[in-house]
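First to last, the protein sequences are chains A and B.
So for the first sequence, numbering that gives the first Met the number 0 puts the first residue at 0; every next one is plus one.
So for the second sequence, numbering that gives the first Met the number 0 puts the first residue at 0; every next one is plus one.
Think of the hints as simulated: they come from the structure by calculation, not from any bench.
Heads up, some of the hints might be wrong.
Stated by the list, open to error - Capping the alpha-carbon separation at 20 Å, the derived lysine-lysine pairs in PhoX-like fashion look like this:
id, chain 1, residue 1, chain 2, residue 2
1, B, K235, A, K79
2, A, K79, A, K159
3, B, K117, B, K129
4, A, K150, A, K360
5, A, K76, B, K235
To be verified - The calculated label-pair distances, taken between Cβ atoms and stated as ranges, are:
id, chain 1, residue 1, chain 2, residue 2, range
6, A, I7, B, Q212, 54 to 60 Å
7, A, T135, B, N216, 53 to 59 Å
8, B, H42, A, I7, 23 to 29 Å
9, B, E237, A, P164, 17 to 23 Å
Glycine included, each C-beta is placed from N, C-alpha and C at the ideal position.
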Amino acid sequence: MKLAMPKITFWRMIFAGLMLAALWATYVRVTGGLAASTNLSDEFPWGIWIGFDILCGVGLAAGGFTLAAIVHIFNLKEYKPVVRPAILTAFLGYVLVVIALMFDLGRPWRIWHPLIMWNPRSVMFEVGWCVTLYTTVLFLEFFPLVLERFKLKRAISVLKAMMPPIIILGVVLSTLHQSSLGSLYLIMKGKLHPLWYSPLLPLLFYISAIAVGLAMTIFESWHSARAFGRQLEWPLIQKLSRMLAVVLALYVAMRLFDLTQRQAWHYLEQPGWESRLFMLEMILTIVPMLLLFREKTRQNPTGLYITVVMFLLGFVTNRLNISITGMERSSGVSYIPKWTEVAVTFAIIAGAFAIFRFAAKHLPVFEAAEHPAPAGESGGRRSDLVSAGASGD
Amino acid sequence: MARAILYDSVLCVGCRQCEETCSERWKLPYNEKIAAEEKVSAHKLTAVRTHGERFSRKLCMHCIDPACVSVCPVAALQKTEAGPVVYLEERCMGCRYCMTACPFQVPSYTWSERLAPKVAKCDMCSDQLKEPTRCSSICPTESTITGDRDELIEKAKARIKENPKDYYPAIYGIEEAGGTSVLILSAVPFDQIGYNMNVPKEALPLTTWAALQHIPNIVVSGSVLMGGIYWLNNRKEEVARREGGK
C-alpha cells in the first residue's frame with residue numbers, strides 16, 4: 000500500500016498555518032511565561048483565553064446537554080439524529096476548554112488542586128468540579144460511539160443500562176456550571192460595566208447557553224451535510240429553529256427587562272466602546288430572533304444558516320463584552336490580545352472543526368440518521384441542501 | 000484583638016521609608032527607579048503616590064470579608080483570625096480570579112516568572128504579629144500605625160473631631176467592601192488622592208453567595224424533576240408496548 004500525500008486545499012493550508020502559529024505560540028508560552036505570551040497585566044488579568052476559550056467554549060458546547068435532555072429525558076425521539084453530533088461537539092468542546100485553560104493557568108500542572116483543596120464559597124471551585132464531572136459524563140455519553148465502531152456489544156449494553164442517571168447528572172451539572180460562569184462575574188460589582196453587570200447574570204448565562212446549544216446543533220447539521228454530502232435533517236432543523244426562536248425571545252425579553260429594571264439604558268449615551276459593542280451584541284441577538292420568527296427564513300436553508308451564524312456571533316460578542324469590553328473602564332488600561340493569544344484561540348477553533356470532521360468520518364455519529372441522498376444529487380453539495388429544503392416542505 | 004492599620008495621609012510626608020522596609024522584608028530590589036513607580040506591583044507591595052502636595056499609600060486593604068478569599072478555588076488566600084489576609088503559594092494554580100475580583104485592584108502577579116509565577120500582595124507582616132507592621136515601625140511621622148481595629152476607629156474619629164479643619168470627615172475602610180482592616184484618613188475627599196469611591200459598601204462575597212446558595216436546591220429538585228419526567232415518559236412507552244402486545 001502506498002501512502003498518499005493529502006491533497007493540498009485552501010482550507011488545509013489555512014489549517015496548517017494556524018497550527019504552526021499555535022505551535023510557535025505554545026513555545027513562547029512555555030519558555031517565556033505569561034508575560035511573553037500575553038498582554039495581560041495586574042490591571043487586566045483575564046484576557047481572551049478566559050473570555051473566548053472558556054466562556055464561549057463552554058457555551059458553544061451546550062448543545063450536548065440541551066439535546067440530551069430533549070431526546071432522553073423529554074423523550075422527543077424524533078430529535079435522535081442530531082443528539083450524537085451534539086454530544087460529540089460538547090465532548091470536544093470541553094476537552095478543548097481544558098486545553099485552553101492549561102495555557103491560561105499560571106501553573107497548569109496544578110489544575111487538579113480544586114479537587115482536593117476545597118473552597119465551597121468559590122464559584123470557580125464549583126465550576127471546576129462541574130466541568131470535571133461533566134467532561135466525564137460526556138465521555139461516557141460519547142463512548143458508545145467508539146464501542147459501536149468496534150462492535151463491542153456487551154460493553155454497549157452495560158453502558159446503556161447506566162445511561163439514564165448519567166444523562167440526568169449531565170443536565171444538572173450543565174445547569175449548574177453554565178449559570179455559574181455568569182455567577183463568576185457577580186463579584187465584579189463596581190468593576191463590570193453596568194450595561195452588563197446584573198444580579199441576573201447566572202440566569203442570563205443559562206438561557207443563552209440553551210439558545211446557543213440549539214444554534215450550534217443547526218450549525219453542525221448544516222456543515223456536516225455539506226461536508227459529507229448527506230441530506231440535512233430538514234424537518235428536524237426547522238423544528239429546532241422554532242425552538243431556538245422561542246428561547247431567544249425569552250432571553251431577549253429578560254435582557255430588556257433587566258436593563259430597564261436596573262435603569263441602565265442611559266449608559267448607552269456614555270461615549271466609548273461599551274455602547275457601540277453593546278449595540279452590536281443586541282443587533283446580533285435581536286435580528287436573528289426576529290428572522291427566526293419569520294416562516295420564510297426557517298424554510299430557506301441558506302437563510303436559516305446565516306441567521307444562526309448571526310446569533311452565534313451575537314453570543315460570542317456578549318461573552319467577550321462581559322469579560323473584556325465591560326472590564327476595561329474600571330481597570331484603567333486597555334487590553335488588546337497579543338498575537339500568541341490570538342494564535343492559540345484560532346488554533347483551538349480550527350482544531351475543533353478538524354477533530355469533529357475526523358470523528359464524524361470514522362465513528363457512527365450520523366448513523367441514526369441513515370438515509371443517504373439520492374444518487375443524482377450527492378455530487379453537488381449546494382443542490383443537496385436545496386433539495387433537502389424542498390423535501391422538507 | 001484583630002490587627003488593623005490606620006494610615007493618616009494628613010500626616011504623611013512621602014518619605015517612602017515604608018516602601019523600602021517592605022521591599023527588604025520580601026527581599027525585593029529597591030532603588031530610585033522603583034521608588035518612582037507609584038503603583039503596587041509584584042515587586043512593590045506598597046506604594047506611596049503623589050497628588051500635588053499630598054500623598055497617599057496603597058496597600059492591601061485586608062477586607063474583613065475579602066472577595067479574593069471567597070473566590071479562590073483552592074483556598075490559597077485566607078483571612079486569618081489575627082486580621083491579615085495571607086497567601087499560600089503552594090496551593091495556588093494561577094487562575095488569577097483573586098485579581099479580577101479584588102475591588103481595590105491589589106493582588107499582583109509575577110507575570111514574567113516562567114515556571115512558578117505567583118500572586119504577590121501585602122500580608123500585614125503576619126510573620127510578626129506581636130510587633131507592629133514594619134511600615135508602622137519605621138514611619139517617622141506615625142502616619143501609619145498598627146493596632147486593634149475598633150481602637151483605631153476611635154482614634155481616627157478623635158483626630159477628625161479635634162482637627163475638623165485638617166480632616167475630611169470620613170474614614171475610608173469602615174464601609175468599603177463591607178469594612179476593611181486598613182483604615183484611611185484624608186484631608187480631601189478620598190477620590191482626590193487616588194482611592195476608589197466606586198467600591199460597593201457591602202461585603203462582596205454576598206453577591207456570589209446569592210447564587211451559590213441555590214446549588215443544593217437545584218441539584219435536588221433538578222434531579223427529581225428530570226428523573227420524574229424520564230420515568231413518566233418511559234412508563235407511558237412501556238404501557239403502550241404492553242397493551243400493544245396483548
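Okay, the hints, checked on the actual structure:
With a CA separation close to 19 Å, the supplied pair K235 (chain B) and K79 (chain A) stays within the 20 Å bound. Between K79 (chain A) and K159 (chain A), the direct Cα distance comes to roughly 15 Å. Compliance with the 20 Å bound is thereby established for this hinted pair. Annotation: proposed proximity of K117 (chain B) to K129 (chain B) is violated, straight-line Cα distance about 27 Å (limit 20 Å). For the proposed pair K150 (chain A) and K360 (chain A), the alpha carbon gap of about 17 Å is at most 20 Å, so the pair holds.
Restraint check: the Cα-Cα separation between K76 (chain A) and K235 (chain B) comes to about 14 Å, which is no more than 20 Å; the hinted pair holds. For I7 (chain A) paired with Q212 (chain B), a C-beta distance near 57 Å keeps the hint of 54 to 60 Å intact. Judged by the Cβ atoms, the range 53 to 59 Å given for T135 (chain A) and N216 (chain B) is violated: they are separated by roughly 23 Å. Taking the beta carbon of each, H42 (chain B) and I7 (chain A) are about 50 Å apart, not inside 23 to 29 Å as hinted.
A hinted range of 17 to 23 Å for the beta carbons of E237 (chain B) and P164 (chain A) is consistent with their spacing of about 18 Å.
The structure fails hints 3, 7, 8 (numbered hints given earlier, in ascending order).
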